[in-house]
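If you read the protein sequences in the order shown, they are chains A and B. Using the working numbering, read the first sequence as starting at 3 and increasing by one per residue. Using the working numbering, read the second sequence as starting at 941 and increasing by one per residue.
Warning: the hint list may mix true and false statements.
Claimed, not checked - Think about it this way: if two alpha-carbon atoms lie no more than 25 Å apart in a straight line, the pair counts; the simulated SDA-like pairs of lysine to any residue are: (1) B:Lys-971 / A:Arg-108; (2) B:Lys-1114 / A:Val-6; (3) B:Lys-1046 / A:Met-3; (4) B:Lys-1046 / A:Gly-30; (5) B:Lys-971 / A:Leu-104; (6) A:Lys-254 / B:Asp-1100; (7) B:Lys-1046 / A:Gly-29; (8) B:Lys-1046 / A:Val-17; (9) B:Lys-1018 / A:Leu-118; (10) B:Lys-971 / A:Met-117; (11) A:Lys-165 / A:Ser-264; (12) B:Lys-1046 / A:Asn-11; (13) B:Lys-971 / A:Ile-100; (14) A:Lys-262 / A:Leu-180; (15) B:Lys-1046 / B:Leu-1032; (16) B:Lys-1114 / B:Arg-1103; (17) B:Lys-971 / A:Leu-118; (18) B:Lys-1046 / A:Trp-33; (19) B:Lys-1114 / A:Arg-14; (20) B:Lys-1011 / A:Leu-126; (21) B:Lys-971 / A:Val-164; (22) A:Lys-173 / B:Ala-970; (23) B:Lys-1114 / A:Asp-4; (24) A:Lys-254 / B:Phe-1054; (25) B:Lys-1018 / B:Gly-1076; (26) B:Lys-971 / A:Ser-163; (27) B:Lys-1018 / B:Leu-1192; (28) A:Lys-254 / B:Arg-1103; (29) A:Lys-262 / B:Thr-1061; (30) A:Lys-254 / B:Tyr-1060; (31) A:Lys-262 / B:Gly-1058.
Just so you know, the hints here were simulated from the structure itself, not pulled from any lab data. Every value quoted in this text rests on a predicted model; they were computed, and no experiment measured them.
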Amino acid sequence: MDRVLTFVNSDRPYVRWGTVLLALLIGGVIWEIVGLQFNQAIMAPLIGDGVDHPGTLPRLGRYLFDDEEYLLSLVQSIQLFATGFGLALAVALPFGIILARLVMLRVALESYILMLYVTPMIALIPFILSILGFDFWPKVLVVYLFAFFPILYNTLEGARSVKPELLEVAKSFRSSELAIWTDILIPYTLPYALTGIRQAAGRALVGMVAAEFFLSTSGLGEELQTASRNFDMAGVLATILVITGLGITFMKIAGVFEQKFSAWRGLDR
Amino acid sequence: MTTGALTQPAESRPVGSLLANMFWGTSFRAKLTAGIVILLIWQVGVTLFAPAFVATPIGVAMAFPSVITSKVFLVASKGTLFAVFQGLAIALVFGTVVGVAMGRLKVLDRALNFYVSGFYTMPMIALLPLLTIWFGYGGDARLATVVFAAFFSIVINVRDGARSVPPEYLEVCKAYRAPARYVWFDITVFSSLPYLIAGFRLAAGRALVAAVIAEFFVSLQDGVGMFVLFNARNFNHDVAVVGVFALVAFGLMFEITMNWATRRFFPWYRRETKAD
Chain A
3 MDRVLTFVNS DRPYVRWGTV LLALLIGGVI WEIVGLQFNQ AIMAPLIGDG VDHPGTLPRL
63 GRYLFDDEEY LLSLVQSIQL FATGFGLALA VALPFGIILA RLVMLRVALE SYILMLYVTP
123 MIALIPFILS ILGFDFWPKV LVVYLFAFFP ILYNTLEGAR SVKPELLEVA KSFRSSELAI
183 WTDILIPYTL PYALTGIRQA AGRALVGMVA AEFFLSTSGL GEELQTASRN FDMAGVLATI
243 LVITGLGITF MKIAGVFEQK FSAWRGLDR
Chain B
941 MTTGALTQPA ESRPVGSLLA NMFWGTSFRA KLTAGIVILL IWQVGVTLFA PAFVATPIGV
1001 AMAFPSVITS KVFLVASKGT LFAVFQGLAI ALVFGTVVGV AMGRLKVLDR ALNFYVSGFY
1061 TMPMIALLPL LTIWFGYGGD ARLATVVFAA FFSIVINVRD GARSVPPEYL EVCKAYRAPA
1121 RYVWFDITVF SSLPYLIAGF RLAAGRALVA AVIAEFFVSL QDGVGMFVLF NARNFNHDVA
1181 VVGVFALVAF GLMFEITMNW ATRRFFPWYR RETKAD
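Turn these sequences into a full structure, and let the hints guide you.
Set out below in structure tokens:
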């Protein structure tokens, strides 16, 4: 028993990769068996037999390679995400850095920003719906709100890490405003801001799907709704996989930047 | 700024104590002024540019006492809070077991890592259609969403905690031939408690959001989410805003309770994040 444990816990490459592959295989087989057992309105198998039990992977393949309408929905969703997220970035980052520069303003506003950061933005959707109605821009506002406060809050965190001594030295040497921004404020706040951006990517994805569910339905949210109304589980699962894939992609991209700049944290500590 | 704040991810930072520090710290006057200015802008902006039904600070303040004593609101709060606590309890028990096992046994970690991190990144809102079909349009679907939202963040944090047990402890255990159950329950679980708390705090936030999303989606009557949605749809925005405030208050209340419990029961776990 002990020897078995030592063996399966060892760091040999074939043990390591063998475990991963075996786990994936077992997971897939369980999914397949469960899917074949149940009615297709409750659960769809991974591969399926294509008749009574349409599979998730074939559906995913059809969606991504052979379904113009679905690709259009995907593009629509990405557009929504990119617009909301881009706007949030464009406002939150400069605002956060300005707060780093104007210490008094930061002190005055930070508790309110923190409060909005902990507000579940999902609860604001009904207001947006009844004030702004059904359109593209209300949905952008939802994504924007989901993304804005994580970015701002973390940038603010960076702003608090800017040492006042540095700003004083810059001032006493009559450093230009541009130099203060490029040499002090941005290097200090950027690593924190990037943490916020990664967080915001995950939240904005939730915002995207929520907007597409609860405001005018469109994009992937609509595909998901339609499939679930038709009890088309293969479609539901395939769309969930697509959304998860999007999320992982966005977070990975943000994570790469975060890693790249995280070394800047606490340079002179 | 202390070093502790730098090494922790932002989301696991104790928001409640930060908030308290910020309020009662220096320059209270600046904060007060800023608060008054924000409320003024809101009030004036809404009365000048927005339709009459949009909430204003004065309207919210007027609606506040009657709403928080109304039966509908109390039933709704009870429903949401109960679902969140129940879901968190389930997620905590199973999440800790899975997390500790993953942290101690490399083979389990390798086998489950793909699934855990996959489900962790999966936006729970996308799973709602599936969960409503499996659990029906009712309270069960909400509970399932809450458990799902909370479970994986607890697993991930507990696993990290179980991995970072100081190796000296384990060596001592080995030297004295301690039985496995001591290693697991007396050493691993206790030294991963700080991580567990961080994960629990994260999970609580996600669980609250999950409960609200589920209430929207299922149109569940006894929930704060539905309370907000219903009143916003009927253009009672002043009343609906009180619901949003209640959600924020739940989140903060939870934070504060966690902080207090940490200080009271785990005094050796000193948190270093304090606003300065």
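These are the hints, each one checked on the structure:
1. B:Lys-971 / A:Arg-108: 10 Å, holds
2. B:Lys-1114 / A:Val-6: 18 Å, holds
3. B:Lys-1046 / A:Met-3: 16 Å, holds
4. B:Lys-1046 / A:Gly-30: At roughly 21 Å apart (the allowed maximum being 25 Å), Gly-30 of chain A and Lys-1046 of chain B satisfy the hint.
5. B:Lys-971 / A:Leu-104: 14 Å, holds
6. A:Lys-254 / B:Asp-1100: Roughly 20 Å separates the two Cα atoms, so the pair holds.
7. B:Lys-1046 / A:Gly-29: 18 Å, holds
8. B:Lys-1046 / A:Val-17: Roughly 11 Å separates the two Cα atoms, so the pair holds.
9. B:Lys-1018 / A:Leu-118: 23 Å, holds
10. B:Lys-971 / A:Met-117: 13 Å, holds
11. A:Lys-165 / A:Ser-264: Distance ~18 Å between Lys-165 of chain A and Ser-264 of chain A Cα, so the pair holds.
12. B:Lys-1046 / A:Asn-11: Between Lys-1046 of chain B and Asn-11 of chain A the Cα gap is close to 5 Å, so the pair holds against 25 Å.
13. B:Lys-971 / A:Ile-100: Judged against 25 Å, a Cα distance of about 17 Å means the pair holds.
14. A:Lys-262 / A:Leu-180: 24 Å, holds
15. B:Lys-1046 / B:Leu-1032: 22 Å, holds
16. B:Lys-1114 / B:Arg-1103: Holds. Lys-1114 of chain B to Arg-1103 of chain B sits at ~16 Å (cutoff 25 Å).
17. B:Lys-971 / A:Leu-118: At roughly 15 Å apart (the allowed maximum being 25 Å), Leu-118 of chain A and Lys-971 of chain B satisfy the hint.
18. B:Lys-1046 / A:Trp-33: 24 Å, holds
19. B:Lys-1114 / A:Arg-14: 23 Å, holds
20. B:Lys-1011 / A:Leu-126: This hinted pair holds, its Cα atoms lying about 23 Å apart.
21. B:Lys-971 / A:Val-164: 21 Å, holds
22. A:Lys-173 / B:Ala-970: With a Cα-Cα distance of about 24 Å, the restraint between Lys-173 of chain A and Ala-970 of chain B holds, given a limit of 25 Å.
23. B:Lys-1114 / A:Asp-4: Holds, because 14 Å separates the two Cα atoms, which is no more than 25 Å.
24. A:Lys-254 / B:Phe-1054: Holds - the C-alpha atoms of Phe-1054 of chain B and Lys-254 of chain A are around 15 Å apart, at most 25 Å.
25. B:Lys-1018 / B:Gly-1076: This hinted pair holds, its Cα atoms lying about 21 Å apart.
26. B:Lys-971 / A:Ser-163: At roughly 20 Å apart (the allowed maximum being 25 Å), Ser-163 of chain A and Lys-971 of chain B satisfy the hint.
27. B:Lys-1018 / B:Leu-1192: 17 Å, holds
28. A:Lys-254 / B:Arg-1103: Judged against 25 Å, a Cα distance of about 24 Å means the pair holds.
29. A:Lys-262 / B:Thr-1061: 21 Å, holds
30. A:Lys-254 / B:Tyr-1060: Holds, at about 14 Å.
31. A:Lys-262 / B:Gly-1058: 23 Å, holds
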